[in-house]
Structures are given as structure tokens and as C-alpha cells.
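S.K.: Protein sequences appear in the order of chains A and B. Sequential numbering from 1 applies to the first sequence in my numbering. Sequential numbering from 1 applies to the second sequence in my numbering.
Keep in mind that the hints were calculated from the coordinates and are not lab data. A portion of the hints provided could be inaccurate.
Under the rule of at most 30 Å between Cα atoms (straight-line distance), these lysine-lysine pairs were calculated in the DSSO-like manner [what the hints assert, rightly or not]: (1) B:Lys333 to A:Lys3; (2) A:Lys3 to A:Lys28; (3) B:Lys556 to B:Lys495; (4) A:Lys3 to B:Lys295; (5) B:Lys481 to B:Lys295; (6) A:Lys16 to B:Lys295; (7) A:Lys11 to B:Lys333; (8) A:Lys11 to B:Lys143; (9) A:Lys28 to B:Lys250.
Sample of chain A residues facing chain B (criterion: CB under 10 Å; computed from the structure) [what the hints assert, rightly or not]: (10) Leu12; (11) Gly18; (12) Ile41; (13) Gly44; (14) Ala45; (15) Lys46; (16) Lys112; (17) Asp117.
We put the beta carbon where it would ideally sit given N, CA and C, even for glycine.
Next come the chains, spelled out residue by residue.
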Amino acid sequence: MAKMTLEELRKLRDQKQGEMQKRDIEGKDSRIVIGMGTCGIAAGAKPVLDAFLAALEEKHIDNVSVTQTGCMGLCYVEPTIEVIVPGMPDVIYGKVDAATARKIVEQHIIGKQLVTDHMFDRPAADIIKKDGGK
Amino acid sequence: MAFRNYILVCGGTACESSRADQIYQNLLEECKAQGVADEVQVVKTGCFGFCEQGPIVKILPEDSFYVKVKPEDAKELISEHIIKGREVTRLLYDKESSRKHAKVEDIKFYQKQFRIVLRNCGFIDPENIDEYIAREGYQALEKALFEMTSEDIIEELKTAGLRGRGGAGFPTWMKWNFSRQVANDTKYVVCNADEGDPGAYMDRSTLEGDPHSVLEAMTICGKTIGAHRGFIYIRAEYPLAIHRLEIAMKQAREYGLLGENILGSGFDFDIEIRLGAGAFVCGEETALLQSIEGKRGMPQPRPPFPAVKGLWGKPTVINNVETWANIPVIITKGGNWFNKIGTSDSKGTKVFALTGKIRNSGLVEVPMGTTLREIIYDIGGGIAHDKKFKAVQTGGPSGGVITDESLDTPIDFGSLIRIGSMMGSGGMIVMDEDDCIVDVAKFYLNFSVDESCGKCAPCRIGGRSLCNILEKITVGNGTLKDLDTLEAIGEAMKKGSLCALGQTTPNPVLSSIKHFKDEYLAHIVDKSCPSGTCKKLITYSINAEKCIGCTACARKCPVAAISGERKQVHIIDQSICIKCGVCMETCKFGAVEIH
Numbered sequence: 001m002a003k004m005t006l007e008e009l010r011k012l013r014d015q016k017q018g019e020m021q022k023r024d025i026e027g028k029d030s031r032i033v034i035g036m037g038t039c040g041i042a043a044g045a046k047p048v049l050d051a052f053l054a055a056l057e058e059k060h061i062d063n064v065s066v067t068q069t070g071c072m073g074l075c076y077v078e079p080t081i082e083v084i085v086p087g088m089p090d091v092i093y094g095k096v097d098a099a100t101a102r103k104i105v106e107q108h109i110i111g112k113q114l115v116t117d118h119m120f121d122r123p124a125a126d127i128i129k130k131d132g133g134k
Numbered sequence: 001m002a003f004r005n006y007i008l009v010c011g012g013t014a015c016e017s018s019r020a021d022q023i024y025q026n027l028l029e030e031c032k033a034q035g036v037a038d039e040v041q042v043v044k045t046g047c048f049g050f051c052e053q054g055p056i057v058k059i060l061p062e063d064s065f066y067v068k069v070k071p072e073d074a075k076e077l078i079s080e081h082i083i084k085g086r087e088v089t090r091l092l093y094d095k096e097s098s099r100k101h102a103k104v105e106d107i108k109f110y111q112k113q114f115r116i117v118l119r120n121c122g123f124i125d126p127e128n129i130d131e132y133i134a135r136e137g138y139q140a141l142e143k144a145l146f147e148m149t150s151e152d153i154i155e156e157l158k159t160a161g162l163r164g165r166g167g168a169g170f171p172t173w174m175k176w177n178f179s180r181q182v183a184n185d186t187k188y189v190v191c192n193a194d195e196g197d198p199g200a201y202m203d204r205s206t207l208e209g210d211p212h213s214v215l216e217a218m219t220i221c222g223k224t225i226g227a228h229r230g231f232i233y234i235r236a237e238y239p240l241a242i243h244r245l246e247i248a249m250k251q252a253r254e255y256g257l258l259g260e261n262i263l264g265s266g267f268d269f270d271i272e273i274r275l276g277a278g279a280f281v282c283g284e285e286t287a288l289l290q291s292i293e294g295k296r297g298m299p300q301p302r303p304p305f306p307a308v309k310g311l312w313g314k315p316t317v318i319n320n321v322e323t324w325a326n327i328p329v330i331i332t333k334g335g336n337w338f339n340k341i342g343t344s345d346s347k348g349t350k351v352f353a354l355t356g357k358i359r360n361s362g363l364v365e366v367p368m369g370t371t372l373r374e375i376i377y378d379i380g381g382g383i384a385h386d387k388k389f390k391a392v393q394t395g396g397p398s399g400g401v402i403t404d405e406s407l408d409t410p411i412d413f414g415s416l417i418r419i420g421s422m423m424g425s426g427g428m429i430v431m432d433e434d435d436c437i438v439d440v441a442k443f444y445l446n447f448s449v450d451e452s453c454g455k456c457a458p459c460r461i462g463g464r465s466l467c468n469i470l471e472k473i474t475v476g477n478g479t480l481k482d483l484d485t486l487e488a489i490g491e492a493m494k495k496g497s498l499c500a501l502g503q504t505t506p507n508p509v510l511s512s513i514k515h516f517k518d519e520y521l522a523h524i525v526d527k528s529c530p531s532g533t534c535k536k537l538i539t540y541s542i543n544a545e546k547c548i549g550c551t552a553c554a555r556k557c558p559v560a561a562i563s564g565e566r567k568q569v570h571i572i573d574q575s576i577c578i579k580c581g582v583c584m585e586t587c588k589f590g591a592v593e594i595h
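Work out the full structure: start from the sequences and follow the hints.
M.R.: Now the structure itself:
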């Protein structure tokens, strides 16, 4: 790296700041938790995890942390993920693949609307109508 | 490629000595072996501060806080936590409640802390300038070079109310302003990293964990006062800090943040490292400057102060590591942000190295005004092994003891002096009921006597005399008159010594006499040491009623001072006994007693 000018330093900072923010947990109010038990991994949770990370990066979303957990117990709809966004009910999505992951980021995280066709277990059906219906 | 997990491994000296580097290497290898090398970033950071529980490994974004990790744990951390997403519970920090303490936010040790100086320690990789830049690094330098005048910068420091963290608490803006106002072609900026108090390691950890913050601050100072050369005076016993500083300086030069024409501003500034041989007196600023010049490190009379006439007779701003580390934050966030933290007399935070008989020893940063009780009991977790608190020594060999009754004093520069101690650089050594106060005073005094440069008589002769009298008291030859003599010599040293070393050498003695006169009297009048520390004043004997004649003590005694037949009461020959205490540890029947 050659000597920098002021502009170059600022550019470098902007670029690196994004990378560092992913490490910082402060200021992140939303969470995507991915069920990565053996069952989840076997059902394809890893590509889903990668898809979430890629989608969040692409959309420049920095208030969401992606974490993993063990089996959520909904083995019939693996891979399962939970999305926690303030002001919205906590939702467990099932049968998530890379495309669904992208949809969840666009619709749930950005659009603040539930992705109703992948919801299982939580929230109960009546809440879905009240809060999440279109 | 975005990483899904970040593994932060502590790379401070304390954790490195517990094989943290091996943990780091093993984690890297395991990531490769288990196929997650490109999804997980392993970072070696600076000190997390929680040294009691080291080596520490923190995994993000789960924020799992693993303690006392061993190199062989790396495999499990990767296979369980990273691959399967299950926390390795046996390694989580779990001491404080029934619930497993996994998250940093749950750990009491961190709850009352507020980190300015240590903002990047334990978070960034100190050997990678990009990570510092990403955390608002060198933003203050940008402001200083392109947006602010020298007057603006000094005004900002004045608003902030920052006082020197090296011990004396002199307002930083005044120092800078003195140097700025002197007309001279050549001026210097110096960083005092000659940390020497027993048990103190704040500056070492700051330099190891965030070296760029000091480089940035020194460059800002250079611009403010019109200096183009800086020196970091650091003791050679800090090899890791030196290594990291060298890397940081190299990277900053490559980026054009140090050297000629910084960021195209036309301003030149560069820094050199000077290694100290470890003489305590070289932490005194005038002695330090002598040492940089290649002379013997001896204090010089002040005035003139270094700010006016310092290194090679030129105006020199000399600040301590912790002071420097505050400056980029003040410039970036503004003096008005900084002055809301702390007390009216002392702004900002202070870093303390909490050591001694404390449950959670480590590095803590708290806002000024936090009480000693909060630091010792809430952050430090109280006294180790449920013993009784006796006193805490702040300010190292220059400070004094603080007892139970003063624990609720809010810590700032003024209040510590009022209760007979001082802020010092931030060492905090906790004593429990097993510590003998006379012995502790003797320890500090011996340290100061060894480190006296010998230039002026009050320090050289006074310190030695104090030491001899304390020695006399601890072996049982003390007289009541000795107490008066200690005080008389101490007061004379305070008045007559040239530098702070001599002026403060008697402090541990004077303050311990003030607070623990009873204990001194016990040594002098009763010829006994209440805590059983002073060997000459204690005797071990065997209680004939309890002894069953098992011969265990006699077999263990290293000098064969114990005699007695099997099933007969044993006897200790006091003329042979070396008072090692092995018999007491050995006896299962509590028959060995101490007087």
C-alpha cells in the first residue's frame, strides 16, 4: 500500500468499517438464528447461512446479527430459522432454502412483513392474521 | 466474503504466557482441518482485562466468553461451537450464579466499566492498521490536520478537562500550550511508557492492544505544538508491546500516516522508540529525558519544565501512555462529550490494574468518581478465599494504604490525596487479613530504596534509614521512639527530596502508621506479628493435649527441629526451628500452634 491521501484514508475507513461492524454486536437490534443441529445441517442449513450473510451484505444491512443454535425441534420442516426484529413477533420459519433466505431478508427484515408461506409453529395462527397479514 | 464467526483470542502478555499463542495457532489449524477456514476469522487482539480468568477466547456474534482455555480445547471449540452451533459450556465463565455466564454483558466484572482508553483492546487485531482505521482510527488526525488550528485543538483539550494519567494529574492542555507558545524551530513529543509500579500493567496492555491510538495522538500533538519528532520511551521488559509498536509504526509509515507530508497535508512527523533499561526513576519525566539523551537517568530540578526546556534543551511535551490514548477520542467526539464523564475535579475514565488478594484480578477502566468499594467488590468480586478485607494500596510505592472506612470515597485526583494516598499511574493492590502491614510497608520501601538514583541525600540516606528501622521492628527490636523517628525522617524526605520518587517514598510508611498504629505497636511492644508474617516474631509450638504422636511433623521438618517418640507428645526445638510452617500444614489434628 502506497502512501495515502485524505480521500483514500476515508475510503479505506468506510470500506473497513462495514467489515468491523459485523464483528461488533452493539447496535444490532435484530437477529437471525439458524438451527444448525445435525438435522439442520443435513437438511441444508449451511447454504442457508451463507445465503443470509450474502444477502445482508449485499443490501448493506448492519443491524442484524446472524447466529446459530442447535436443533429447534421442528425436524419435519428443517432447515429452520428464527427471526427476531423489534416491533414484530418472533417468527420461526421452516423449509428455508437459499432463495427463501433472500426473500426473508427482503420481505421480513427490510419490508417488515412476514413471509407467511414459510411459517410454522410460531406465532400462532391468530397473531399471523392480526400482525402479519397483508 | 463475509465471515460468519469471529474468534477473538487474547494476545496480551498475561494470556500469551498461558500459551494463548498456541491456542491461536491451533484454532487456525482446526479451522482449516474442519473446513471452515474461509468462514471464520480468527483474530489475535489486545488484553480483555479479565486476566484472572485467562487465556480468554471470545466468539462472536454469539458473544460467548470462554475462559481458562487450553490449546487442546481448540478442536472442540471449532467442532462444537462453530460447526454445530453449541456452546462449549465447560469453558464458559460460570462462577457468579447458578446460571451459566456466557455473555460478556452478564459478567459483573464488565458491568461497571466504561472503556475509552481500552476501547479497542480485546476487539481489534493490534497488528492490523485497517482494523484500527475502521474503528474511527486516524479520524482525529484528519480533523487535526485539515480542520482544526492549534488553538482549536488546545481549546478542545481544555474543554475536555483531561489531566495527565501518569500520576500527578497536570492539565494536559496547559502542557501543550506552554510548548506551543515557546518560539523554537525544534520541539519534541515524548510518550512515557516507562511503567514501573509493582503490579501495574495498564500502559503495557494499552500499547499491546491498541498501539495506533498512541501514535495518532503523538502526531496530533506534533501538529499542535509544531514538533516533527517524537520518542516513545519504553522499558525493554515489554518486548511484546515494543514489537507491536514497531509493526504499527511501519504500517502507519506505509500508509502515509507517519513520516513526511502526512496525508498530503505538508506536515512531517515521525516517531522513534527508545528502550529503557528498567530503572524506576526513569519514569520521572526529567530523568526520562536524560535517559533519551543517552545520559544517566537522574532527575533534574524543575523549573524549567520540559514543556519549555526539555529534550536537548528544546520544548518537549511528555505525556503518559494512557493520557495519549484518550486524545484521539477527545478530538473525534469533542471535549464536551468527554467532560460529561467523571467528576468535577477529574474528567474521563481511569484504568486500574487490580491485583493482590482479589477474586477477579485484571485490568479495569471505570469513570472517575467510581468508588473503591465498587471496584473491589462489584468488579473485583471481593477478597479471594472469603478472607477479610484489610486495605488497598493505590499509587504503587508512592501511594498509601486506604482502609475500609474510606472505601466509599469516589476516586478522583483530589479525593485520593485527601484520604492520604494518590491516583498514581493506576496500580491497585488489595491486601487481606493475612498481610502484615509493616511487612508491606517494608516491601514498598525496599523497592523505592533500590530504585533511588542516589543523587540527593534525603532520598538516598532517608530511604535507607527508614528501611533499617522497619527491619528492626519486624525482627522484634523496635522501640516506641522508632515510630517518631520514622515520621520525622518521612516528613523531611517529603520536603527535601528533589523529585517525586524521594518525596513519595515515605508515603506507604506514613500512611500505614496512621491507619494501623495498633499493628506497629504489636510488633514493638508485644513483639508479635498479628498476621503471622514476620518470621522472627512468631513461634510454632505443639499443644500437648492435641498431639497424638503420629510423627508426621517430625518426618516433614526440613531441619529436624522436632523430636518425640511414637505415640508420645512431640516438641519443637526453638533454637533449630526456621519457622517454615511445614509442621502446621502437615498436622492433621491442629496440634501445631502459632504465637
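S.K.: Going straight from one Cα to the other, do lysine 11 (chain A) and lysine 333 (chain B) come out at no more than 30 Å?
M.R.: holds, 20 Å
S.K.: Close enough to count: is the Cβ of glycine 44 (chain A) nearer than 10 Å to one in chain B?
M.R.: Violated. Min distance 15 Å.
S.K.: Can the hint on alanine 45 (chain A) be confirmed by a CB-to-CB distance to chain B that is less than 10 Å?
M.R.: holds, 9 Å
S.K.: Would the hint on isoleucine 41 (chain A) stand, with a C-beta cut-off of 10 Å toward chain B?
M.R.: Result: holds, 8 Å to nearest chain B Cβ.
S.K.: Compare the distance between the alpha carbons of lysine 28 (chain A) and lysine 250 (chain B) with 30 Å, and conclude whether the hinted pair is satisfied.
M.R.: violated, 34 Å
S.K.: Against chain B, is lysine 112 (chain A) within 10 Å by beta-carbon distance?
M.R.: This hint is violated: lysine 112 (chain A) lies away from chain B, its Cβ roughly 22 Å from the closest one there, beyond 10 Å.
S.K.: Below or equal to 30 Å on CA atoms is what counts here, so check lysine 333 (chain B) against lysine 3 (chain A).
M.R.: holds, 26 Å
S.K.: Tell me if lysine 46 (chain A) is really an interface residue toward chain B, meaning its C-beta lies closer than 10 Å to one of theirs.
M.R.: Holds, about 9 Å.
S.K.: For the pair we were handed, lysine 16 (chain A) and lysine 295 (chain B), check the Cα-Cα distance against 30 Å.
M.R.: violated, 45 Å
S.K.: Mind checking the CB of glycine 18 (chain A) against every CB in chain B and telling me if the closest is under 10 Å?
M.R.: Holds: closest Cβ of chain B sits about 8 Å from glycine 18 (chain A), inside 10 Å.
S.K.: Does the CB of aspartate 117 (chain A) sit less than 10 Å away from some CB of chain B?
M.R.: violated, 26 Å
S.K.: Given a cut of 10 Å on the nearest C-beta pair, is the interface hint for leucine 12 (chain A) held or broken against chain B?
M.R.: Holds - the Cβ of leucine 12 (chain A) comes within 10 Å of chain B, reaching about 6 Å at its closest.
Hint violations for this structure: numbers 2, 3, 4, 5, 6, 9, 13, 16 and 17, all remaining hints satisfied.
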